[in-house]
Amino acid sequence: MTKLANLYSWTVGLLMRIAVVIAFVSICVAVAITLVDIVLRSMSRLSVALTGEGLTWAVPGLVDLTQLLVMIAASMAIAVAFHRGAHVAIDLIDNMFPPLMRKFNALLAVVIAVWFLGACLWYGIGEMQGQLELNTASSTLSISYLWYWLPLIAGMALSVLGALDAFLGSLFGHRPVSSEAEHYDV
Amino acid sequence: MSDPLIGVAGFAVSLLLVALRVPIALAMAVTGVVGFGIINGFSTIGFILGSGPFESMFPYSLSVIPLFLLMGVFASHSRMSSDLFGAANALVGHLRGGLAIASIGACAGFGAICGSSLATVATMGRVALPEMRRAGYDDQLSASSIAAAGTLGVLIPPSILLVIYGLLTEQSIGQLFSAAIIPGLLATLLYSLAVTLAVRLRPDLVQVSKRRPWAERLPELRSAWPAALLFIAVIGGIQVGLFSPTEAAAVGAGGAILIAAIRRVLTRRVVASAMWETVSMTGMIFFIMAGAGLFNYFIETTGLPQFLISLIEASALPPLAVLFLIMLFYILLGCFMDALSMILLTVPFIYPVIVAMGFDPIWFGILIVTVAELGLITPPIGMNLFVIQGIAPDIPSSKIVRGMVPFLFADCVRLVVLIAFPGLVLWLPSVFF
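Chains as they are written, first to last, in this note's numbering: chain W, 1 to 186; chain F, 187 to 619.
There's no promise every hint is true.
Said to hold, decoys possible - Here are the in silico distance ranges between beta carbons for each label pair:
| hint | chain 1 | residue 1 | chain 2 | residue 2 | range |
| --- | --- | --- | --- | --- | --- |
| 1 | W | Met-43 | F | Gly-422 | 17 to 27 Å |
| 2 | W | Phe-104 | F | Pro-405 | 52 to 62 Å |
| 3 | F | Pro-405 | W | Val-63 | 42 to 52 Å |
| 4 | W | Leu-171 | F | Asp-390 | 47 to 57 Å |
| 5 | F | Gln-393 | W | Phe-104 | 43 to 53 Å |
No lab work stands behind these hints, which were simulated from the structure alone.
Cβ atoms here follow ideal geometry from the backbone N, Cα and C, with glycine treated the same way.
Hey, can you work out the whole structure from these sequences and the hints?
Dropping the structure here:
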């Protein structure tokens, strides 16, 4: 059983490493294209000031591209946060419970997570199919909405795997219990 | 049961789930979906389950979040924290309690390029705490001054909390940023005064450092220029209308990466660490936004905000008394919840009340962040206290908590001043926008 859990954990860990790279690269590309757009627009303004000639240099469809990149980054990032136990949770009261009760609470959180993410995945696929039938596309570059939906669906599926792995990890002891897991806040 | 009562019950259920250690985003999402199902019938929940997360994550305005996070993470890794501490130390280090005041100034400076409270405490704690301990400062003052000043990270722009409040209430992020500048400076001043008072009452808390000549101090002052430049480019760019918040965040992220590259700190380890940190925080915030989106949908359906407004109108309480009760509610809630979740969970029904009473939403945004800051340094779950104890595990938490008293007092004074003089908050936005 532990061997199977370890194999599962290794596979999910690999998927999460891929997801984190995809998310990070997406954020960096969003930064890069925004900076390029600023430079191009500044050059256009400078050109108007110097030559009086009105250039209209800019990154085409910057908003569409940024939305797509952030959608990819956020969807992957949610899964990564599930896997690392980085979603904000309060353990003040939980810490007062005996170990068995804490395990039950952890199980409750996983059951809720899997139910919610699974339901979002199921209905999300339906919603995506609806968008496809309507042929909806982004406003400037006419990118099909399918490309915005796919990372979200993939992220939901990965999140389910990540949440299960975090739980199995705490159950079999090869990962910290929730209160010792990573915690991020602003 | 009437719909507003279902709303109140939903709020209570989400608090119960949070108490059982269910992630806050999940607690809000599940309560929102189930509550919506109770009111509208469970056949309707498929629509919000399918489209809710997409709608919460799709808006272009949200792109500002990962970009500012990236900026903050690289700023933490690029040694700007030690430069800022060095510069602040060069200015005030020779005063009685000067190192603690320098830590507060450096936290304010770091908050201006970071946007996160925990990152500010974690980064400055590693730089300033050993210096203060080496200089013979009492642990109580050293640890508490950094933990308190770390809260400046969420107030001084660019602040992730203000970005989220702005997105949630459809207020201008640029206006919120300019509104936070004077309260941020006021907080820095009041924290410094708190240190001055504390060392006057208990001179044994500190050792006085020797005053160094300017020739020695000037290079340290100059070394803070990259951080100053980054702040001016990001916040100045928004204020003068050069950049939108997303563009400013990209400029900040690009600038922070460039500074780290020039300083040759962009090792493989640093990039990997920055990658995991940025992505984890992005995931955490976007999932909370998705959960809050579903919860808001439910709260709007219940008509709870309208119910609260009618209740307040019927009570004939003066608006200031209502505001006082709301602030008290936030201070108490802040003792048990983190700042981000507290804002996301309560703004859907508190914000309409505030607007209906004629209060300025920008002003309220600053007030809500100010009370959220209090939650970061009050036990039992003051996150900054945990972070500082993580850096110095040998300092007992009771000592840190005792040390927080003057800073909590300073925060209360600031809250009263900001309520009494809204102009302190609203003057800069009226100049720039």
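Notebook entry, point to check: Hint by hint, which ones does the structure fall short of?
Noted result: Hint check: nothing fails, all pass.
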